[in-house]
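Could you put together the complete structure from these sequences and hints?
From first to last, the protein sequence lines stand for chains A and D. Counting in UniProt numbering, the first sequence runs from 1 upward without gaps. Counting in UniProt numbering, the second sequence runs from 1 upward without gaps.
Source of the hints: derived by calculation from the structure; they are not laboratory data. Accuracy of the hints is not assured; some may be wrong.
Pairs count within a copy or across copies, as identical chains cannot be separated in the list.
As the list claims (entries may be wrong) - Straight-line C-alpha distance at most 20 Å; calculated EDC-like pairs for lysine to aspartate or glutamate: (1) K122 to D177; (2) K122 to D193; (3) K37 to E121; (4) K122 to E23; (5) K122 to D62; (6) K37 to E54.
Since this is a predicted model, take the numbers as computed values, not measurements.
Protein chains: 2
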Amino acid sequence: MPKQVDHHQRREEIARALWQVVEQRGVSHLSLREVAKEAGISHGALQHYFTSREAMLSFAMDLAYEQKSLRISRGLQELGDLPHPRDVLRLMLVEMLPLHADARAASRMSAAYVLEALHNEKIHAQARDGIAQGRLVVEQLVRQAIADGYISPDRDPVAETNLLLALTGFTTLIELDVVGPQDALTAVDQYLDRLFAGNDHGTGSEGGRSR
Amino acid sequence: MPKQVDHHQRREEIARALWQVVEQRGVSHLSLREVAKEAGISHGALQHYFTSREAMLSFAMDLAYEQKSLRISRGLQELGDLPHPRDVLRLMLVEMLPLHADARAASRMSAAYVLEALHNEKIHAQARDGIAQGRLVVEQLVRQAIADGYISPDRDPVAETNLLLALTGFTTLIELDVVGPQDALTAVDQYLDRLFAGNDHGTGSEGGRSR
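Here it is, written out as structure tokens:
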């Protein structure tokens, strides 16, 4: 049992070394050799934990998703017992953007992973399933918000969900300094204000809410 | 003079070989050696045209932007003399998504390039300038559409421009088969319908337009 824990812990350490390589040197440097160097272990020792670049990348991505879910869960706890659906969606959206160090690392990992997915069926399936699962959570939130009168019933829940996910396009704009983090947040807030406008429950984050 | 033309033409051929490598094998295979192989020339001959991976990538990206601009120009011509601003924005947005082979190749190139930009100041500056220039064109369109009464004056032109650009986030969703191309277009159209709703000129692509 302790040996298995050690094994898992060591895999996590290696995944973090992989993040470091992607974050600091870029995906073009991502190889078992570079990660072994960053983790301070031998290439042979690394292969004891991951037999391929693919397996390593896949585990690192799972870990990134896991950590993101954890940050969202913590954020949800802070929102209290009956959070406004606008606040829940905002929390999820903002966590997907590279606005703090952990989210930026995850978003760079994710970009590297998506590029890899285009040429690797297994990673493609893993990435698709992960994002589709997240998409479903957002769609359920949107449908519930429509049913509860927070969002106008005129809105198409599928299209609205897809648009919310597409807003992760801010990632590139922020990373390239085309749009500043504050401007991105302003745009996201205006977007959410309109999504939640013209309904029974008021117009969004400030005032007008009823529970 | 003919020699210079040849030189430029050969550089274009090499850039296309680079696209092929990125498109078919992925950015992790992007090296001078792989591109030389794809272009059917020797590594030494390639270095006559590009002295570094960075120079090659930078040229290939310029070429991709150029071709995208050309496709948009052609699309604009088809829209006639006084195109509706909604149609112009739709054309630009759709061309940014991987909905046909050329746009997909450009978008994969672009994704590889953005990842490279995170760890290369020169490429970062080039990518930022290219996207910022495109952003400015969109902002001018949005401001003009507000001035001409196509978009409500309540809308913030900066945030609206940023949101339009952020919708390129559909790229990942389409590439990973999380959102189908048709569903992405439906969402973009609903988005544009709302952006152009509630103004002097009617509600978007169908009917209600005045010139």
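To see whether the hints hold, each was checked on the structure:
1. K122 to D177: between (33 Å within a copy, 14 Å between copies)
2. K122 to D193: neither (39 Å within a copy, 38 Å between copies)
3. K37 to E121: Neither way: K37 and E121 sit 28 Å apart in one copy and 25 Å across, limit 20 Å.
4. K122 to E23: between (23 Å within a copy, 18 Å between copies)
5. K122 to D62: Classified as within: same-chain Cα gap 13 Å, cross-chain 32 Å, threshold 20 Å.
6. K37 to E54: within (18 Å within a copy, 25 Å between copies)
Violated hints, in rising order: 2, 3; the structure is consistent with all others.
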